[in-house]
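A.B. asks: Now for the letters of each chain:
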Amino acid sequence: MTRRRGVSPGVQLPPFETLIDAHARELHRFLVGLVGPTEAEDCVQETFMSALRAYPRLRHGDNLRAWLYTIAQRKATDVIRRTARRPTRDLDGIEPVAPPTATPGDDELWLRVRALPAKQRAAVVHRFVLDLAYVEVGERMGISEEAARQNVRAGLRRLRREVTTNDR
Amino acid sequence: MTDDLERRLTDAVGPTPTLDLDRLRTTLARRAADNGLLDVAHGTYDSPLGPLTIMVTSRGLVRLSYSHEAVDEQLAELAAVVSPRIMAAPERTDEVRRQLEDYFAGTRRAFDVPIDWRLVRGFAGAVLRATAQIRFGAVSSYREIATEAGSPNAYRAAGNALGSNPIPIVVPCHRVLHAGGGLGGYTGGIERKRFLLRLEGVLPG
Chain S
1 MTRRRGVSPG
11 VQLPPFETLI
21 DAHARELHRF
31 LVGLVGPTEA
41 EDCVQETFMS
51 ALRAYPRLRH
61 GDNLRAWLYT
71 IAQRKATDVI
81 RRTARRPTRD
91 LDGIEPVAPP
101 TATPGDDELW
111 LRVRALPAKQ
121 RAAVVHRFVL
131 DLAYVEVGER
141 MGISEEAARQ
151 NVRAGLRRLR
161 REVTTNDR
Chain Y
169 MTDDLERRLT
179 DAVGPTPTLD
189 LDRLRTTLAR
199 RAADNGLLDV
209 AHGTYDSPLG
219 PLTIMVTSRG
229 LVRLSYSHEA
239 VDEQLAELAA
249 VVSPRIMAAP
259 ERTDEVRRQL
269 EDYFAGTRRA
279 FDVPIDWRLV
289 RGFAGAVLRA
299 TAQIRFGAVS
309 SYREIATEAG
319 SPNAYRAAGN
329 ALGSNPIPIV
339 VPCHRVLHAG
349 GGLGGYTGGI
359 ERKRFLLRLE
369 GVLPG
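Just so you know, the sequences run in chain order S and Y. Residue numbers for the first sequence follow our numbering, beginning at 1 and rising by one. Residue numbers for the second sequence follow our numbering, beginning at 169 and rising by one.
To be clear, the hints were calculated from the coordinates, so they are not data collected in a lab. Owing to the predicted nature of the structure, the values given are computational and were not obtained by experimental measurement. Take these hints with a grain of salt, some might be off.
[As the list claims (entries may be wrong)] Simulated restraints, written as ranges between beta carbons of each label pair:
no.	chain 1	residue 1	chain 2	residue 2	range
1	Y	Ala347	S	Ser50	18 to 24 Å
2	S	Arg65	Y	Leu371	48 to 54 Å
3	Y	Gly353	S	Asp131	52 to 58 Å
4	S	Ser50	Y	Pro258	21 to 27 Å
5	Y	Thr194	S	Arg57	36 to 42 Å
[As the list claims (entries may be wrong)] Taking lysine to any residue and the SDA-like style, the derived pairs with C-alpha atoms no more than 25 Å apart in a straight line are:
no.	chain 1	residue 1	chain 2	residue 2
6	S	Lys119	Y	Ala300
7	S	Lys119	Y	Gly211
8	S	Lys119	S	Arg25
9	S	Lys119	Y	Thr184
By construction, the Cβ of each residue, glycine as well, lies at the ideal position given by its N, Cα and C atoms.
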């Protein structure tokens with residue numbers, strides 16, 4: 001058969017469900033790091049709904065994973081902003097903060113991670129929650145390896161400052 | 169530099185709860201359908217001829233697949249031709265499944281589902297539309313179908329079109345035989361053709 005008229009000529013996008021199969025679990029881990037386990041599942045769902053809405057209009061299918069992570073990051077930021085408006089325990093004026101949800105482990109540290117600027121936050125979560133190398137962090141964020149490294153470094157610097165001030 | 173911050177970060181999140189992927193798929197398919205964002209839905213039906221994959225669009229039945237192995241490739245084709253908004257959503261294929269059940273149970277002689285013809289073009293489309301007119305229990309020949317489709321001499325091309333019929337059973341290409349009485353070929357293998365012709369009383373049970 002010859003190539004037929006497509007929806008977006010020249011763009012070959014895989015069936016949407018293959019994106020769910022390929023990336024949902026990892027996106028979920030990423031979002032658990034960003035917004036905590038309670039909100040993460042909803043956040044995964046909202047990420048895929050937004051993606052589905054925009055999907056046929058994509059101009060290319062080159063880095064669908066980075067595209068999904070960008071959406072996920074945006075959804076996480078929405079959640080963090082939304083939950084920050086709810087009354088929460090006082091954290092010395094640090095904002096925005098997520099409420100102390102049932103995150104196991106080091107709650108306080110993660111509240112501070114969630115208060116990082118979006119890029120630093122995503123980079124730190126990729127690096128330490130998903131245990132990715134910088135080149136992989138860059139791939140998922142659609143930025144260079146070096147930019148990924150810088151975002152992690154900047155995030156750590158800030159965390160270190162806050163943690164030593166407050167915890168030690 | 170190697171204070172324990174990095175280790176604390178790694179440990180802090182704790183174990184990630186498992187994501188129920190099946191539930192996520194189901195929920196997303198339902199929400200997509202509710203919001204008019206599901207352009208191609210598919211589901212399976214365990215027929216007497218083996219598992220069939222039913223693929224439907226907003227226009228109707230677009231493919232009925234005998235081949236489990238080819239489904240991924242066929243969905244990729246639909247992504248290019250119809251829309252990449254494709255998800256498994258069995259309830260969207262219920263009507264087709266119900267009519268197929270009735271057909272195999274011997275209680276239905278004609279299918280009443282809209283057909284989406286977007287997978288066939290040109291002469292193949294004319295051949296399959298002509299084929300769709302052959303009634304239950306009747307047969308035609310490749311040459312007759314080619315004639316119906318407007319090119320009496322193109323019976324080989326008609327054979328090819330029938331051989332790549334995307335909607336077998338419902339578009340009854342099994343009702344097209346060689347003029348001399350031979351069964352000819354079949355997209356799902358000749359045994360399936362024989363089965364369908366027996367079911368319709370054309371061949372002795």
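A.B. asks: Now, for every hint given, state plainly whether the structure supports it.
C.D. replies: Structure-based check of each hint:
Between Y:Ala347 and S:Ser50 the Cβ separation comes to about 57 Å, which falls outside the hinted range of 18 to 24 Å. The given range of 48 to 54 Å is respected by S:Arg65 and Y:Leu371, whose C-beta atoms sit roughly 53 Å from each other. At roughly 54 Å, the beta carbons of Y:Gly353 and S:Asp131 sit within the given window of 52 to 58 Å. For S:Ser50 and Y:Pro258, the hinted distance range of 21 to 27 Å is satisfied, since their beta carbons lie about 25 Å from each other.
Y:Thr194 and S:Arg57 have their C-beta atoms about 25 Å apart, which leaves the hinted 36 to 42 Å range violated. Distance restraint check for S:Lys119 and Y:Ala300: the Cα-Cα separation of roughly 57 Å exceeds the 25 Å cut-off, and the hinted pair is therefore not satisfied. With a CA separation close to 40 Å, the supplied pair S:Lys119 and Y:Gly211 exceeds the 25 Å bound. With a CA separation close to 21 Å, the supplied pair S:Lys119 and S:Arg25 stays within the 25 Å bound.
Our distance criterion of 25 Å between C-alpha atoms is met by S:Lys119 and Y:Thr184, whose separation comes to about 22 Å.
Hints 1, 5, 6 and 7 from the earlier list are contradicted by this structure; the remaining hints agree with it.
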